[in-house]
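Participant: Those protein sequences? They're chains A and B, same order as listed.
1 is the number of the first residue of the first sequence in the numbering used here; add one for each residue after it.
1 is the number of the first residue of the second sequence in the numbering used here; add one for each residue after it.
Bear in mind the hints are in silico, worked out from the structure with no lab data behind them.
Among the clues, some could well be false.
[Said to hold, decoys possible] In silico SDA-like links for lysine to any residue, alpha-carbon gap of 25 Å or less:
#, chain 1, residue 1, chain 2, residue 2
1, A, Lys-401, B, Arg-246
2, A, Lys-401, B, Val-31
3, B, Lys-170, A, Thr-360
4, A, Lys-104, A, Ala-118
5, A, Lys-82, A, Ala-160
6, A, Lys-233, B, Gly-75
7, A, Lys-233, B, Asp-71
8, A, Lys-106, A, Gln-17
9, A, Lys-401, B, Arg-4
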Amino acid sequence: MRPGSICAVAACKLTRQALRLFHRGGTALPGKAARLFDPDILKRVSEGMEIIVVTGTNGKTTTCSMLENALRAGGRESLSNKSGANLLSGVTAELTCNATWTGKPKTHYAVIECDEGALKQVAPLISPKVIIVTNLFRDQLDRYGEVMHTLDEIRKGILASPGSILCLNADDSLTGSLAGDVPNPVVWYGLDTPTGEEKEPVLSDARYCIRCGTEYGYHYHTYAHLGGFFCPKCGYSRPEPDFAVTQIEEMNTAGTRCRVRMSAAPYEMEITVGLPAVYNLYNAMAALCACTAFGLPAEECAASLKTVHSSFGRMENFILGKTSLQMILVKNPAGCSQALEYLSSVKEPCRAVFALNDRTADGHDISWIWDADYEKICSSGILQEILVLGDRAEDMQLRLKYAGADTSRITIVREAREALKWIEASPVPVFAFPNYTSMLELREAVRERTGEKEFWQ
Amino acid sequence: MELRICHLYPEVLNLYGDRGNILCMTRRLEVRGISCSVESVGIGDNPDLTQYDLFFIGGGQDFEQEVLLDDLRGGKGDSIRSAVRDGRTFLCICGGYQMMGHYYQTHDGVRCEFLGAADLYTVGGDRRMIGNYAYALGEESGGSTVVGFENHSGRTYLGEGVKPLGKVLKGFGNNGEDGTEGVRFNNLFGTYSHGPVLPKNPQFADHILKTALTQRYGSAVLEPLDDTMEMLSHYRVLEHYLRLSRS
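Chain A on its own, in the form it takes in the complex (with noise of 0.2 Å):
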């Protein structure tokens, strides 16, 4: 071990306990403090791991929730970046506060989210075993340019890392066209089943092909741009998954039941995936996908589906006195559309809180709201009261009235203490949908409320 990296980690433990004593999370700076001291800190402490990086634009935290279960459901404890602090700097905190003092790592396997930009820094500094690439959609324009630009961050990723095993979605025509860019092995997995009204969607992400420029066809839709998706003309298609549902039996708002085959079995299997929506069968999916090829027994990982917990925000529960508050995250227009079509699916009366920030972490750029399908929550009828907050409330409220919400019915809050008053005061059950900064501030108002766990612990 150098001096150099010695220092880097005592820098890193000592910054994140200095942070925590103020309650502040310390999920980024104590690795940018260890990386002053050795630029190279991350592979140093990651040695020897056994890694699986999740990115993609959507459902990498819920993924990794559902790896670290299946992990710790076979008796293996593993490290994870829990917080959602994905950049170069977070998993260097991450990896660094969890190594010995001489800098070697306390556990053997770890979960990593890493942002899609950030993908090319850390991947070739932790030499992951297998690499999962969810979806790739539109997300914070104003940060990274355009969906293409992003999906060429994620190819340099991970031709910085070609040892890596791909995961990769069968049904997304735009991450499923890194496998020809690359020389990693790939294992595929998908819906072999349409989803939700199967219709084409009036927003897509990838309308033409992304090798020659012709209209897709589809067989059948999933969900945005997902489904069984080919090229009349230069022939780029689905390909076919190892790992795909084949049947959803039955779907409600604790989760999915559904039958899934595996190219290397010769018979389907049932499973129960513990959390509702399309969007988290992807992600179950993927981490049944991505755990086989890790080297983990498949039904060991199918059967710990069904435990699986929500995540820091994402459909996650919460009792306030005698409401219940779901939240569910939501950062861009496919991930708002498929959570309010979860909300559409609710059978009972019900309120719901809006909320937008535009700070940093969420994207100054607000405009998407108007690609997500508030419509059709708006038409349900379920909605008794509506709560818009955030440093753009306002322009959540006009959104919501030119989607035929009843105006009279919407209050406006700047506060997260006073959506929580108005959340307490609801007698039917409260969905939240935040975007990011206002999921943390929302959670916070929750936390203080409930005595709940801060959220690294």
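Chain A is already provided as a structure; the job is to place chain B on it using the hints.
Facilitator: Only chain B this time, still in chain A's reference frame:
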């Protein structure tokens, strides 16, 4: 009265919530009892464009531009140029706005020929001009203040034959140099403003609708609507983010 709206290339030019402009226009017509139809005209479609009163074109991604330019060369470009010349109303946002000009030249010198429907051109820059911004519309466009969100690296320069849509109050506008924003030529309104631009700027929205109705019927009166929520979000950007006072 009725208004026929043509949404040009919605399948490719649909970034940044620009379809909110269509929602806004249809809604503001419908609540006033003016019927309104929206037809999507995309790549490969070739309807008679003279049947429409108002054209909307949004912003898009670089990747899809080639597909689009091929389609324009297939005859639609001529129809669009004639419609602009005949005084049909156009609202063009960002990429759609640039496309109305003569060309786009990348910063390494590659020139991409555009429609040339309005006297302007765009040069690619290495700095992205991003953020909330505001501009004052020219008198011929109603004179109100517009707030929006700009996000472009292209710098647009106007020729002799056209006017800017407005004067930048805060932000970059066309090129970050000359204080102009957008273009006004005949009844073509071009702007860099996403947001989408119309919902938060109801006076501008009504000005565009009135222009299209007047063009078709000779005159038009739009009764005022309750724009309390619209103006709340307008002033939020103007005062809180841009630190400008209400005019």
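Participant: Taking each numbered hint in turn, which are not upheld by the structure, reported in ascending numerical order?
Facilitator: none
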